[in-house]
Amino acid sequence: MDNGVFNATSVSSINHNARSDSLPDLRNLGVTVRVLLLGNGAGFAAALLQSRGLAEFAQQFADLAAVLEPVLLLSLVSLYALSKWLSRLPYAGGIAVILLLELVCTTLVQSTGVAMGEVPTLAGLVRAWLLCLLLTAFIIAYFFWRDRAFSPALADARLQALQARIRPHFLFNSINAVLSLMRRDPRRAETALEDLAELFRALMQDNRRLTTLADEVALCRQYLNLEQLRLGERLKIAWDVETLPGDALVPQLLLQPLVENAIYHGIEPDAAPGIVEIRISGDKDQVRIVLANPYHPEYQHRAGNRMALANIRERLALHFDVEANLSAEVVGEKFEIRIVLPYRKKE
Amino acid sequence: MSAALRVLLVDDEAPARTRLKELIADCAAFVPAQVVGEAANGREALALLESTATDLVLVDIRMPQMGGIEFARHALALARPPAIVFVTAYDEYAIQAFELHALDYLLKPVRRARLQATLERARNLAAPERDALRAVEQEPRRYLSVPERGRITLVALTDVLYLKAELKYVTVRTDEREYLLEESLSHLEQEFREVFVRIHRNCLVAKARIRGFERVDAQESEQNWVVLLHGCAEKLGVSRRQWPVVKELAQS
Chain A
1 MDNGVFNATS VSSINHNARS DSLPDLRNLG VTVRVLLLGN GAGFAAALLQ
51 SRGLAEFAQQ FADLAAVLEP VLLLSLVSLY ALSKWLSRLP YAGGIAVILL
101 LELVCTTLVQ STGVAMGEVP TLAGLVRAWL LCLLLTAFII AYFFWRDRAF
151 SPALADARLQ ALQARIRPHF LFNSINAVLS LMRRDPRRAE TALEDLAELF
201 RALMQDNRRL TTLADEVALC RQYLNLEQLR LGERLKIAWD VETLPGDALV
251 PQLLLQPLVE NAIYHGIEPD AAPGIVEIRI SGDKDQVRIV LANPYHPEYQ
301 HRAGNRMALA NIRERLALHF DVEANLSAEV VGEKFEIRIV LPYRKKE
Chain B
1 MSAALRVLLV DDEAPARTRL KELIADCAAF VPAQVVGEAA NGREALALLE
51 STATDLVLVD IRMPQMGGIE FARHALALAR PPAIVFVTAY DEYAIQAFEL
101 HALDYLLKPV RRARLQATLE RARNLAAPER DALRAVEQEP RRYLSVPERG
151 RITLVALTDV LYLKAELKYV TVRTDEREYL LEESLSHLEQ EFREVFVRIH
201 RNCLVAKARI RGFERVDAQE SEQNWVVLLH GCAEKLGVSR RQWPVVKELA
251 QS
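So the protein sequences, as listed, match chains A and B. Under our numbering, think of the first position of the first sequence as 1, with each following residue one higher. Under our numbering, think of the first position of the second sequence as 1, with each following residue one higher.
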């Protein structure tokens, strides 16, 4: 989400309390749908409260919709147009502009009604203004709450990254593998230590950031170099990234934890070599990622997979709402994870 | 002093074995030791133990096919089991259990001084206790080990039809033949409760092999149901006491 980008660049502190509030991405389909649902839901409730019977309710709702729908649509279109500019404003400034915009929209719709022959009253206009402000405030509060509700999970995620996602088992075994290289192949040992350092740098960063797909893939390659060192021929990797949109924005650590899981569940339990497949492609709207590893039903008690998936799902939802999707399933003898996300570029 | 200590290295990661070899060479000036074999998992290591005289096994815990602890349990079936020291990168639960049951272990990366101390003690190390290993094991074994003529025969659990207690021994019946096992039936029942169901005081049956049940008309006998197994003509009696449990399984 656009403000996510700006937000991420401003939140460089490790302290997650320093997270600043931000407006939702006004161009996101999920956000648009939520606004429509909330607006109509409020109208529905208001009509229900004012009416005594079903017939009266239908009449009330129709009257209300005549004003409500134009205002909602007009607002969504103008917010879509202004979203880039709005996301650059401070949070409070953004809210003030939106409230003002809503008042303008309401006034416009009201005056159209007058032009069509309704009797203009000042009281009627003020009432419409008040209702409009109330509804807008309610919707803004909803998004504020939603953002907050996601945040604790995200703060935990960083801790998890250190405690669980990079498994201590991996860390110590990797250091051990580097030690084994020291005497025979000091240069390879150097490279391995550099890879390890960069991997940990990425892990210690705030993973609510967005990064480019090219960077995330580079991180995966460094991680895989280390695993290759340990596992040797048992680990085979099939990359298919010819149409990779390198400049697409993705949540940091989107792929690496999934690749780590693929190795932990798919490669390590088997003495025979196994293949991890990574396919990334994109067109002008979407980025598609497919990750596959051998499936061993008999080792499924190895824990940790669901936690990583749930965490990535949450982060995708925060950044892309309903426009991103992650699914995981067993296809024949493979475990496959598919991710689809909107193609967003850094400006 | 005696000849060099004969060491077997077992780890699924080649670099880890290389590292241990280097360190053992570093220790050579203080403790003469010699790597007599390397294996990538417990099964390979057991095969090597049969052909190679070994004093000490340094074994990783997590390995494909057969992990370190299961390996140690089978190795105990040998007439003269080697000393066994576990090597692990990180395994909170296992380390706690090792401490509790006084089993020897090394942490990866292994320090030379720590390894040297282990090598020095190796000749005096007692083989790990059977019960201690059972307590440390986190998941059921995949094999049963049967000592036969000084060798270890591994019987894959998936091949077993039933286990039957007879006097001191437990008879292990597979499709091909029978084996005698020196373990207690109740321990086996505990460890493999996912795989077997107890049908009688002295008999566990592999759930996956049950074909059906048959009623037998015997007025005097206390058993009136028998279990039919796939690939086995024998009919095994269900005790009245176990029948409710078995019936529940049959219905689900």
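Hints listed in this document are in silico derivations from the structure and should not be mistaken for laboratory results. Treat the hints with care, since some could be wrong.
Among the chain B residues that face chain A by a calculated CB cut under 8 Å, a handful are [claimed, not checked]: (1) Ala14; (2) Thr18; (3) Arg19; (4) Ala25; (5) Gly37; (6) Gln65; (7) Asp104; (8) Lys108; (9) Asn202.
What you are looking at is a predicted structure, and each value in this text was computed from that prediction instead of being measured. Quick reminder that beta carbons are idealized off the backbone N, C-alpha and C, glycines included.
Evaluation of the provided hints:
1. For Ala14/B, the interface hint holds, the least distance from its beta-carbon to any beta-carbon of chain A being 6 Å, beneath 8 Å.
2. This hint holds: Thr18/B has a C-beta 4 Å from the nearest C-beta of chain A, less than the 8 Å allowed.
3. The beta carbon of Arg19/B comes within 4 Å of a beta carbon in chain A, closer than 8 Å, and the hint placing it at the interface holds.
4. For the restraint placing Ala25/B at the interface with chain A, the shortest Cβ-Cβ distance is roughly 10 Å, beyond the 8 Å limit, so the hint is violated.
5. The closest approach between the C-beta of Gly37/B and any C-beta of chain A is roughly 17 Å, which is over the 8 Å cut-off, so the hint fails.
6. With a cut of 8 Å, the hint placing Gln65/B at the interface with chain A holds, because the nearest CB-to-CB distance is about 5 Å.
7. The interface hint given for Asp104/B is broken, as the beta carbon of that residue sits about 18 Å from the closest beta carbon of chain A, more than 8 Å.
8. For Lys108/B, the interface hint holds, the least distance from its beta-carbon to any beta-carbon of chain A being 5 Å, beneath 8 Å.
9. Violation of the interface hint for Asn202/B is found here, the shortest Cβ-Cβ separation to chain A being roughly 29 Å, above the 8 Å cut-off.
When held up to the earlier numbered hints, the structure conflicts with 4, 5, 7, 9 and fits the remainder.
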